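**Student:** Sequence:
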Amino acid sequence: MSKRLLLLVVVVFGVAVSAAGAGTRIGADSREFDPGRTFLVQAEWLRGIGCPTNARSANPNAAFTDWNGTYTPYTDPACPTGDRSDRRNEGLVLAKTGPTENFASAVVDIRGVRGKTLTELGYDIRKPGTTSGDPRGSWCGAGAPRFNIQTKDDFYFLGCASPPPTTQLDGHGFMRLTWGSPLMAYGSEGVLEPVTGKVKSLRIVFDEGTTAGGTELGFGLAVLDNINVNGKRVGQGGGGDDDDDDDDD
Numbered sequence: 059m060s061k062r063l064l065l066l067v068v069v070v071f072g073v074a075v076s077a078a079g080a081g082t083r084i085g086a087d088s089r090e091f092d093p094g095r096t097f098l099v100q101a102e103w104l105r106g107i108g109c110p111t112n113a114r115s116a117n118p119n120a121a122f123t124d125w126n127g128t129y130t131p132y133t134d135p136a137c138p139t140g141d142r143s144d145r146r147n148e149g150l151v152l153a154k155t156g157p158t159e160n161f162a163s164a165v166v167d168i169r170g171v172r173g174k175t176l177t178e179l180g181y182d183i184r185k186p187g188t189t190s191g192d193p194r195g196s197w198c199g200a201g202a203p204r205f206n207i208q209t210k211d212d213f214y215f216l217g218c219a220s221p222p223p224t225t226q227l228d229g230h231g232f233m234r235l236t237w238g239s240p241l242m243a244y245g246s247e248g249v250l251e252p253v254t255g256k257v258k259s260l261r262i263v264f265d266e267g268t269t270a271g272g273t274e275l276g277f278g279l280a281v282l283d284n285i286n287v288n289g290k291r292v293g294q295g296g297g298g299d300d301d302d303d304d305d306d307d
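Heads up, the sequence shown is in this note's numbering, so the first residue is 59 and it goes up one at a time.
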């Protein structure tokens, strides 16, 4: 191989490696797992239902018949930071209607995390008050919404209410739940332990419905936003902050 050709190969390979390593983005793709076609589950990113960060509220005119051309800034105290690329305040609806025993679930596949070591997980959940177990608002149970974590070492699961979050930030209609330092979850043997090993897959699953064993269970629906993976937040369908940006928390 000539020196000129070798130099060209090295340059092209270096550019490719640089492009592959720069600006990796995490994303959150919603879908329904419903092999029986029951149509009792839904997962969807929707505008206007997320936790507002640096949003604005339109002010009415004196007669309250029109907009007066001015805005009032608004940020929910639960989400002082968020997905900076989310311009339409998207939020994630996860719902399961009817029996928990129905073999169906709302699912969010989290992209851009394969090969990473997890140190922190979390999300903002649409819920009033200061108690995540409050029956009002989004459902927050031991099993849903939960993170399903598959690493090279083991399979782990982390529910909204089990284990309890490491930190909780309350707001006006939302609360920010964070697990980490160290990140603990239940392994395949059902024992709470540190999450180890590089990620093979990561998803959020919502599979608890409005009834269980024929008795009323709960709301069967949760609204999430700003899904947190190692301090980076996804607050919209398709993608979120660049993973190699400085942490804005």
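In short, the hints are calculated from the structure, not lab data.
Owing to the predicted nature of the structure, the values given are computational and were not obtained by experimental measurement.
For each residue, glycine too, the CB sits at the ideal point set by N, CA and C.
It is possible that part of the hints are untrue.
Unchecked claim - Below, in silico cross-link-like pairs of lysine-lysine (PhoX-like), each with a Cα-Cα straight-line distance of 20 Å or less: (1) K258 - K174; (2) K210 - K256; (3) K256 - K174; (4) K210 - K174; (5) K210 - K258.
Stated by the list, open to error - What follows is a set of in silico ranges between Cβ atoms, one per label pair, in the way DEER data are often shown: (6) V249 - F122: 50 to 60 Å; (7) A121 - R172: 50 to 60 Å; (8) S246 - S143: 19 to 29 Å.
**Student:** Would the hint linking K256 and K174 be met if the CA-CA limit is 20 Å?
**Tutor:** It holds: about 5 Å lies between the C-alpha atoms, which stays within 20 Å.
**Student:** For K258 and K174, compute the direct alpha-carbon distance and say whether it is at most 20 Å.
**Tutor:** 8 Å, holds
**Student:** Keeping to a limit of 20 Å between CA atoms, is the pair of K210 and K256 held or broken?
**Tutor:** Judged against 20 Å, a Cα distance of about 6 Å means the pair holds.
**Student:** Within 19 to 29 Å: is that where the Cβ-Cβ distance between S246 and S143 falls?
**Tutor:** 35 Å, violated
**Student:** How does the Cβ-Cβ distance of A121 and R172 compare with 50 to 60 Å: does it lie in that range?
**Tutor:** 56 Å, holds
**Student:** Can the restraint linking K210 and K174 be considered satisfied, given a maximum Cα separation of 20 Å?
**Tutor:** The hint holds at about 11 Å.
**Student:** Just tell me: holds or violated, for the beta carbon distance of V249 and F122 against 50 to 60 Å?
**Tutor:** Hint holds: Cβ distance 59 Å, inside 50 to 60 Å.
**Student:** Within a Cα-Cα threshold of 20 Å, do K210 and K258 meet the stated pairing?
**Tutor:** 6 Å, holds
Checked against the numbered hints given earlier, this structure breaks only hint 8.
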